[in-house]
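Student: Here is what each chain is made of, one letter per residue.
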Amino acid sequence: MPVVTYLEAIRQALFDEMARDERVFVMGEDIGAYGGAFKVTEGLIEAYGDKRVIDAPISEQAIVGSAIGASYMGMRPVCEIQFIDFIACCFDMLTNFAATSRYRNGVGVPIVVRGPCGGGVGGGPFHSLNPEAFFLNTPGLKMVEPSTAYDAKGLLKAAIRDDDPVLYFEHKFLYRRIKDEVPDDDYIVPIGKAAVRREGTDLSIITFGAMVYTALEAAGTLAEQGVEAEVIDLRSLAPLDRDTILDSVAKTSRVLLLHEATLTGGIGGELAAIIGEHAFGYLDAPIMRLASLDAPVPYAPSLETAFLPGVTRVVEAAKKLVQY
Amino acid sequence: MAKASKKPEKASDSLASNQLLEMYWFGRLAREIEERLVILFRQSKVIGGLYRSLGQEGESVGTAYALKKSDAVLPLIRNMGALMTMGIRPREIFLQYMAKGESNTRGRDLNIHIVHMPAWTRDLALTADQGRPGVDHDEPVVVGPISMLGDSIPVAAGIGMGARMRGRDLVSMAWIGDGATSTGAFHEGLNFAAVQKAPLVVVAEDNKFAYSTPISKQMAIKRIDERAAAYGIPHEMVDGNDILAVYDVAKRMVDRARAGEGASLIGVDTMRMQGHAQHDDARYVPKTLVEEWQKKDPLTLFAKTLMDRGAANEKRITEVDRMAKSYAAEEADAAEQSPMPDPATVARGVYAGDDYAEPTLEFVKSPFWEKQ
Ligand SMILES: Cc1ncc(C[n+]2csc(CCOP(=O)(O)OP(=O)(O)O)c2C)c(N)n1
Ligand SMILES: [Mg+2]
Numbered sequence: 001m002p003v004v005t006y007l008e009a010i011r012q013a014l015f016d017e018m019a020r021d022e023r024v025f026v027m028g029e030d031i032g033a034y035g036g037a038f039k040v041t042e043g044l045i046e047a048y049g050d051k052r053v054i055d056a057p058i059s060e061q062a063i064v065g066s067a068i069g070a071s072y073m074g075m076r077p078v079c080e081i082q083f084i085d086f087i088a089c090c091f092d093m094l095t096n097f098a099a100t101s102r103y104r105n106g107v108g109v110p111i112v113v114r115g116p117c118g119g120g121v122g123g124g125p126f127h128s129l130n131p132e133a134f135f136l137n138t139p140g141l142k143m144v145e146p147s148t149a150y151d152a153k154g155l156l157k158a159a160i161r162d163d164d165p166v167l168y169f170e171h172k173f174l175y176r177r178i179k180d181e182v183p184d185d186d187y188i189v190p191i192g193k194a195a196v197r198r199e200g201t202d203l204s205i206i207t208f209g210a211m212v213y214t215a216l217e218a219a220g221t222l223a224e225q226g227v228e229a230e231v232i233d234l235r236s237l238a239p240l241d242r243d244t245i246l247d248s249v250a251k252t253s254r255v256l257l258l259h260e261a262t263l264t265g266g267i268g269g270e271l272a273a274i275i276g277e278h279a280f281g282y283l284d285a286p287i288m289r290l291a292s293l294d295a296p297v298p299y300a301p302s303l304e305t306a307f308l309p310g311v312t313r314v315v316e317a318a319k320k321l322v323q324y
Numbered sequence: 001m002a003k004a005s006k007k008p009e010k011a012s013d014s015l016a017s018n019q020l021l022e023m024y025w026f027g028r029l030a031r032e033i034e035e036r037l038v039i040l041f042r043q044s045k046v047i048g049g050l051y052r053s054l055g056q057e058g059e060s061v062g063t064a065y066a067l068k069k070s071d072a073v074l075p076l077i078r079n080m081g082a083l084m085t086m087g088i089r090p091r092e093i094f095l096q097y098m099a100k101g102e103s104n105t106r107g108r109d110l111n112i113h114i115v116h117m118p119a120w121t122r123d124l125a126l127t128a129d130q131g132r133p134g135v136d137h138d139e140p141v142v143v144g145p146i147s148m149l150g151d152s153i154p155v156a157a158g159i160g161m162g163a164r165m166r167g168r169d170l171v172s173m174a175w176i177g178d179g180a181t182s183t184g185a186f187h188e189g190l191n192f193a194a195v196q197k198a199p200l201v202v203v204a205e206d207n208k209f210a211y212s213t214p215i216s217k218q219m220a221i222k223r224i225d226e227r228a229a230a231y232g233i234p235h236e237m238v239d240g241n242d243i244l245a246v247y248d249v250a251k252r253m254v255d256r257a258r259a260g261e262g263a264s265l266i267g268v269d270t271m272r273m274q275g276h277a278q279h280d281d282a283r284y285v286p287k288t289l290v291e292e293w294q295k296k297d298p299l300t301l302f303a304k305t306l307m308d309r310g311a312a313n314e315k316r317i318t319e320v321d322r323m324a325k326s327y328a329a330e331e332a333d334a335a336e337q338s339p340m341p342d343p344a345t346v347a348r349g350v351y352a353g354d355d356y357a358e359p360t361l362e363f364v365k366s367p368f369w370e371k372q
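Keeping their order, the protein sequence lines are chains A and B.
Residue 111 in the working numbering is what sits at position 111 of the first sequence, and the numbering runs on without skipping anything.
Residue 94 in the working numbering is what sits at position 94 of the second sequence, and the numbering runs on without skipping anything.
Note that these hints are calculated values from the structure, not bench results.
Using N, Cα and C, we set each Cβ at its ideal position, and we do this for glycine too.
Hints should not be assumed to be uniformly reliable.
Across the chosen pairs, the derived CB separations fall in these ranges [as the list claims (entries may be wrong)]:
hint	chain 1	residue 1	chain 2	residue 2	range
1	A	Ala33	B	Gly353	38 to 44 Å
2	B	Val38	A	Lys39	56 to 62 Å
3	A	Gly276	B	Ala125	48 to 54 Å
4	A	Thr305	B	Arg223	53 to 59 Å
5	B	Ala352	A	Ala33	41 to 47 Å
6	A	Asp55	B	Val364	40 to 46 Å
7	A	Ile188	B	Thr345	29 to 35 Å
8	A	Lys39	B	Glu370	56 to 62 Å
9	A	Lys39	B	Gly184	26 to 32 Å
Cross-link-like lysine-lysine pairs, in silico, DSS-like; alpha carbons within 27 Å at most [what the hints assert, rightly or not]:
hint	chain 1	residue 1	chain 2	residue 2
10	B	Lys45	B	Lys10
11	B	Lys197	A	Lys51
12	A	Lys51	B	Lys68
I would like the entire structure built from these sequences, with the hints used as guidance.
Tutor: Here it is as structure tokens:
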């Protein structure tokens, strides 16, 4: 099976879906001749032309708003947000309008809004966001974030075929650092299904995105010290895969929730509530959360390292948890 | 002496008598529906606020009448006339305002927030319906008010672009208030539509106020149509209370959009004749301004035009007025009988696959409709 990068897997999904369904088109800033700020859409305009690969002005509301309009006409638009931080510029279009459309009028909005999220690359306060918590409280939206190349392709295909609006967060730290086996054949990774990345019995580290690798590295260190951590990769943030989460908690009885977005009001709180409500009887220790510190994302590497939840902090937290 | 210069031919000159009567009917019907809604509002049968389009029926009808029945409309709260022109059955308006279970939004969204997508939008093949005289050919795309003002402009642009990608002959028309033209979404949408040459016509209504804020605090330009100047698209200002003048401008803009020449904007000079909504006594509006515009009521003026053009006499007009009033009353009564939504459905249909009812919207032909 071919081994490709996370970024290449996203590009393959776009190529495949545009070939499979003539209603699919892409729209965003600098995505045509330039191939996108991170080159995700490279080659797309040569293959499909400027009617299906639309270079848009710097107008996130116009990009997402017109995508909604086109989806009403039966099209399947995929919008690129150059850095996911700028999704805040079209927050209203997504939360107030796209997310409520089906409920209000029975007219779904099958759009995908995708873009690079996350820190660790010196992006500073305006180019490092993990925005999932902004949207978690909005019924009508779906959200996914792959951690592997295989999932990157399969989840994007699933998102494009989905009849509801899907926010697809791609972690820019993983773009060219992660490579794995990706089939050429058509497949999807269903939205709403988590993956167990490492089996363990002593605690569950529930995470997603780039933090999956932090968790796996920490689990390796912990194993050397006799602690077996299970690592759950959520993949889908809305809806959450409650079964996989609760099954793991039932097995390990100890939970460490790990995410790269800041702590307060983060998705960890929602996960903790679900576990507290539905698996309280299984717990042998309080649910722990580990996330970025409650501050904007800083620029200097020394600051950003201190800000992000790194391997050392995960190991420390896990040890505290098993010793409780 | 040179021969008398011929006046440029106006599209409205070729409107037949029945078409003129039909336009009058749509405007009168819009007003009568709202008069009926005022009664229902006072009886606490209308849920939430009630918004009037009093004084703006003319521009709403004049613009929408330039469209085909299969085009797209994105009206705002002052455009009841446009909804009537597109053939939406009055009962649908009453069902909506009373939050009934059989309303287009099944009690989930307000007043005229109705939405309709013709069946062709659900075809899987891009151009599946081409050349086939579809059964729904006369059904418009309708996207009722999006309350976040300005948002409807990018959406309208996308509807035009999306329909074009599907090879459809469709023009998208969006109405917007003076206040709403100050939003970022309006400017982003208009600019994008201009760049993309989207088949879009924006009708920007200077009705002198945005809620309580006069237009002078909304923009420093003198004419609302100048909003479009920065985007390199045609724009014209028109007397919004002269239905045929509005129709003539709209016809030009719609025709060029249909011919692939791109987006345009019509600035409409009109007046909101009541407060923002029923709760608002509009004490901030100078009395003289209201008096001045009272003399220019679009329906009264149009009735005169009908008589001048021999399309109807006074008796006929009185008869049409009475017809509109009783039709509105009948439709309201029928809507009142409809049940309220079942609370058990409250969380259904947030996502695909969980829908419990296909929303419907009924269209009717006017009594003056004749096959062209
Ligand atoms: C983005 C946004 N801000 C505020 C409001 C609240 N609001 C509703 S209508 C209105 C006034 C609109 O004025 P205008 O656009 O001139 O339309 P008109 O009511 O005069 O037809 C306001 C402020 C809103 N709906 N959307
Ligand atoms: Mg106004």
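Student: Work down the list of hints and note, for each, if the structure agrees.
Tutor: Structure-based check of all given hints:
1. A:Ala33 - B:Gly353: 38 to 44 Å: 39 Å, holds
2. B:Val38 - A:Lys39: 56 to 62 Å: 60 Å, holds
3. A:Gly276 - B:Ala125: 48 to 54 Å: Check passed, 49 Å falls within 48 to 54 Å.
4. A:Thr305 - B:Arg223: 53 to 59 Å: 57 Å, holds
5. B:Ala352 - A:Ala33: 41 to 47 Å: Once the Cβ atoms are compared, 35 Å apart, the range 41 to 47 Å for Ala33 (chain A) and Ala352 (chain B) is violated.
6. A:Asp55 - B:Val364: 40 to 46 Å: 43 Å, holds
7. A:Ile188 - B:Thr345: 29 to 35 Å: Once the Cβ atoms are compared, 30 Å apart, the range 29 to 35 Å for Thr345 (chain B) and Ile188 (chain A) holds.
8. A:Lys39 - B:Glu370: 56 to 62 Å: 59 Å, holds
9. A:Lys39 - B:Gly184: 26 to 32 Å: 29 Å, holds
10. B:Lys45 - B:Lys10: This hinted pair is violated, its Cα atoms lying about 44 Å apart.
11. B:Lys197 - A:Lys51: Holds, because 12 Å separates the two Cα atoms, which is no more than 27 Å.
12. A:Lys51 - B:Lys68: The given pair, whose Cα atoms are some 26 Å apart, holds under the 27 Å limit.
Hint check: violations occur at hints 5, 10; the rest are consistent with the structure.
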